[in-house]
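A.B. asks: Residues per chain are reported as follows:
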Amino acid sequence: MSKQHVTMTVNGDPVEVLCRADQTLLDCLRDEMGLTGTKEGCSTGDCGACSVTVDGRLVCACLMLGVEAEGRKIETIEGIGESEELHPVQRHFLEEAALQCGICTPGFIVAAKNLLEKNPNPTEEEVRYWLAGNLCRCTGYDKIIKAVLKAAEEMRG
Amino acid sequence: MAELQFAAPETVNQAIKILGGAKGKGRILAGGTDLLVQMRSGRIEPGFIVDVKNIPELTEIKKEKNGYRVGAAVSGARLGEHKSVKKKWPGVVEALELIGSTQIQGRASLGGNLCNGSPAADSVPAMIAAGAICKIAGPKGRRTAKVEDIVTGPGKTSLKKGEFIISFLLPEKPKKSSEAYLRLIPRTEMDIAVVGAGVSLTLDNQGICTKARVALGAVAPKPVLVEEAGLILVGSKLDPDTLEKMASACRAACNPIDDMRGTVEYRTKVAGVLATRATQIAAERVRSGR
Ligand SMILES: Cc1cc2nc3c(=O)[nH]c(=O)nc-3n(C[C@H](O)[C@H](O)[C@H](O)COP(=O)(O)OP(=O)(O)OC[C@H]3O[C@@H](n4cnc5c(N)ncnc54)[C@H](O)[C@@H]3O)c2cc1C
Ligand code: FES
Ligand code: FES
Numbered sequence: 001m002s003k004q005h006v007t008m009t010v011n012g013d014p015v016e017v018l019c020r021a022d023q024t025l026l027d028c029l030r031d032e033m034g035l036t037g038t039k040e041g042c043s044t045g046d047c048g049a050c051s052v053t054v055d056g057r058l059v060c061a062c063l064m065l066g067v068e069a070e071g072r073k074i075e076t077i078e079g080i081g082e083s084e085e086l087h088p089v090q091r092h093f094l095e096e097a098a099l100q101c102g103i104c105t106p107g108f109i110v111a112a113k114n115l116l117e118k119n120p121n122p123t124e125e126e127v128r129y130w131l132a133g134n135l136c137r138c139t140g141y142d143k144i145i146k147a148v149l150k151a152a153e154e155m156r157g
Numbered sequence: 001m002a003e004l005q006f007a008a009p010e011t012v013n014q015a016i017k018i019l020g021g022a023k024g025k026g027r028i029l030a031g032g033t034d035l036l037v038q039m040r041s042g043r044i045e046p047g048f049i050v051d052v053k054n055i056p057e058l059t060e061i062k063k064e065k066n067g068y069r070v071g072a073a074v075s076g077a078r079l080g081e082h083k084s085v086k087k088k089w090p091g092v093v094e095a096l097e098l099i100g101s102t103q104i105q106g107r108a109s110l111g112g113n114l115c116n117g118s119p120a121a122d123s124v125p126a127m128i129a130a131g132a133i134c135k136i137a138g139p140k141g142r143r144t145a146k147v148e149d150i151v152t153g154p155g156k157t158s159l160k161k162g163e164f165i166i167s168f169l170l171p172e173k174p175k176k177s178s179e180a181y182l183r184l185i186p187r188t189e190m191d192i193a194v195v196g197a198g199v200s201l202t203l204d205n206q207g208i209c210t211k212a213r214v215a216l217g218a219v220a221p222k223p224v225l226v227e228e229a230g231l232i233l234v235g236s237k238l239d240p241d242t243l244e245k246m247a248s249a250c251r252a253a254c255n256p257i258d259d260m261r262g263t264v265e266y267r268t269k270v271a272g273v274l275a276t277r278a279t280q281i282a283a284e285r286v287r288s289g290r
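Going down the list, the sequences are from chains A and B.
The first sequence begins at 1 in the working numbering and counts up by one.
The second sequence begins at 1 in the working numbering and counts up by one.
Hints in this document: simulated from the structure, not taken from any laboratory.
All residues carry an ideal CB built from backbone N, CA and C; glycine is no exception.
The hints are all genuine.
Facing chain B, a subset of chain A residues (Cβ under 7 Å, in silico):
hint : residue
1    : Asp22
2    : Thr44
3    : Gly45
4    : Gly48
5    : Ser51
6    : Arg57
7    : Leu58
8    : Val59
9    : Cys60
10   : Val67
11   : Glu68
12   : Trp130
13   : Gly133
Derived lysine-lysine pairs resembling DSSO-like cross-links, with alpha carbons at most 27 Å apart:
hint : chain 1 : residue 1 : chain 2 : residue 2
14   : B       : Lys62     : B       : Lys175
15   : B       : Lys53     : A       : Lys73
16   : B       : Lys156    : B       : Lys222
17   : B       : Lys88     : A       : Lys118
18   : B       : Lys63     : A       : Lys118
Just chain B, same shape as in the assembly (with noise of 0.2 Å):
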């Protein structure tokens, strides 16, 4: 085996080049909890570990015109201490603090639970239904993407070689907008998702629905966006008859497996469950005010 290298790169230019000398056996390093436990067990054999937590534009959580723009890097931890964020991406921001311990939450960044590709990440259908938009950085020069199509089937992910993400923009959201992210687990915490939902909403004075966004986790090969659930709660008052339909909509897009967390029934059921929960909580913190 090959020495393994590591380098800390503090701009992101000096890592795409580091990347590109690596010739496709590097690795990005965020929190770690992931890689390291994937090295560990010997899954992945990485040559060099390029570790881009001394990058400002991945460390950095900052306000900008059309919302706010977190670094791909940035740890659990440190974004649910920020206020401002939280209080608008509050779907997002207990997604990512969903994950793991105290002590994990001390690493794992957003970043990594993209790009890291498991289809129970549970960060992803919270990023995804908040409508989050990638930065990515590569030998090609600079691109966007929507978080939703960069996961493309478990542990694999459509960024080509050498492409890694920076940031993520949370788009501004209008007034009387909110969101959540719930899962389920089989034990309190410390899991993986059953079954994950996040849902994203605004309503107006009236109180009607006027933009969603629904995305599931876990019931398929990647975290998915349904456009029609969401399209279903628009121009309506979330009742009951609607929320069905469109927890309906969410069971028929469930293509989930059979394991010992869950059967394919249980899962699709759950969907529909957490997706109708969810819905309901962010038009509580809509109305509340929260």
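For reference, chain A alone in the conformation it holds in the complex (with noise of 0.2 Å):
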């Protein structure tokens, strides 16, 4: 099956991909590009393993094509964190081991920073509707929750 050119920006740089019609944004990332950081875990936009945002809006990218990311600025957990430092909310999961398995951590880990940027001080129950999309068969949530949570704290200052 031929390709096509798709112009995108991913993690801030400009990106060329050769992509064919029926491959997802997901298959885009992780075969075209190597960015494997963003997992598939049912790819039918149920469990959230996939998100990415796109222009700022938090997606499954498993439920989008790559050839619709022409033009668009894609965010992934790549770009998340320096190599030298890591973001507060990937911190936070360290620290209140809220991984276990690790395969939801690059989905709810770029969830919930869209949310902190959207709300830097959310409640709980905010945080638990705005993450109702990413599933974790591990931890239970509450660690999850609770290091958003503290993420935020830290991020407001």
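Using the hints, put the two chains back together into the complex; each one sits in its own frame.
C.D. replies: Structure (structure tokens):
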């Protein structure tokens, strides 16, 4: 199958990639760009492991075509934090032991960071609702919610 | 299998041309939250995907002389951020916002929710109650249609070959009007409605209902406008007797399926309950001016 040229910005860098019309953005990121931080849990929009932002909007990369990304700004887990310094959301995930197997973690971190950009002071309920589309089979969620609330507190300063 | 093609036209006319050239194998892509799931499962096999999100008419929200016009591909997240639309059409906005998670909200649209043709689509009863009108484009030009005339059965619409929805007009409401949408699901979120009920109404200064529309989802092969239920409310102060008569009209309009989410009897009963509660919430919204 022939491929189309798609130009997009990924984590701040302009990227040109070839992808087939039937490839999802998730396939493009993982298979064509080697950005395997974004995970695939279900491929049906149910688990949130594939969460990325497109022009600042949180979406499931498994429910978007790669070719749709033409001209868009994509942010993935690889764009969060520096190699020397973790983003506060990442650091609090570690400190609160908010992950076990880690499959859900990139999605949770992308989603949580997006929440805190829109709402720096969310209530616990707001965090739980915002993250309701991110499933975790290991942690039981409490530690994740706590990590996000602690990160929010630190980021507010 | 023929190679899947993709285009993202920038005008309605380009989209019409592309769909015409696709010979019935073309599919509109809005948020893709139904389409991509169905492609992946093999339920549908489109030949040409037409992404409509670069067409301004399908992605704008704007005020017009007789209401607000909402592009068919506007996402739930964007409509939810629009304060004026949310204030006047709280039922439509809350119904669209019930769909899926934050991630799904980033993409799911009114046009996709309607044209997917699910009997349980949440925003559809709310749009029907609000009297929303579709603007439709096709090879023979443009036309308008009421939302209740679009879905004809599960997965089926009255749109003709090559037609698609450009936008919805949410018609201006008289003063002292409001609306509400409620659904019942077995969980607190991320599930399909067992029953959905949308109510839109207008009261006068004495609190007497002067206009009302009631619509139900998930209780028949398609979302239904229960005209009689609305008529029963008109002229009343929404007293318990009237509400019970209205609920009874809703139950009579039900022709649901039995499935793991609910039996026929349960869905029918719940339809009356939700219509009553949605009426009370809409009335409370009028009284409190919210
Ligand atoms: C995890 C998850 C949870 C969900 N929860 C709910 C829920 O709670 N309630 C609910 O009602 N739905 C739910 N859905 C279904 C879906 O998200 C909604 O139906 C949504 O509104 C579809 O909109 P879309 O823009 O993504 O449509 P798309 O997938 O882009 O399109 C859906 C269909 O409509 C056609 N179409 C789209 N736009 C137009 C147009 N303008 N003119 C003509 N045809 C068009 C497409 O060709 C396709 O056949 C859920 C889906 C997922 C994945
Ligand atoms: S992989 Fe996308 S939501 Fe599960
Ligand atoms: S840590 Fe294993 S799924 Fe969340």
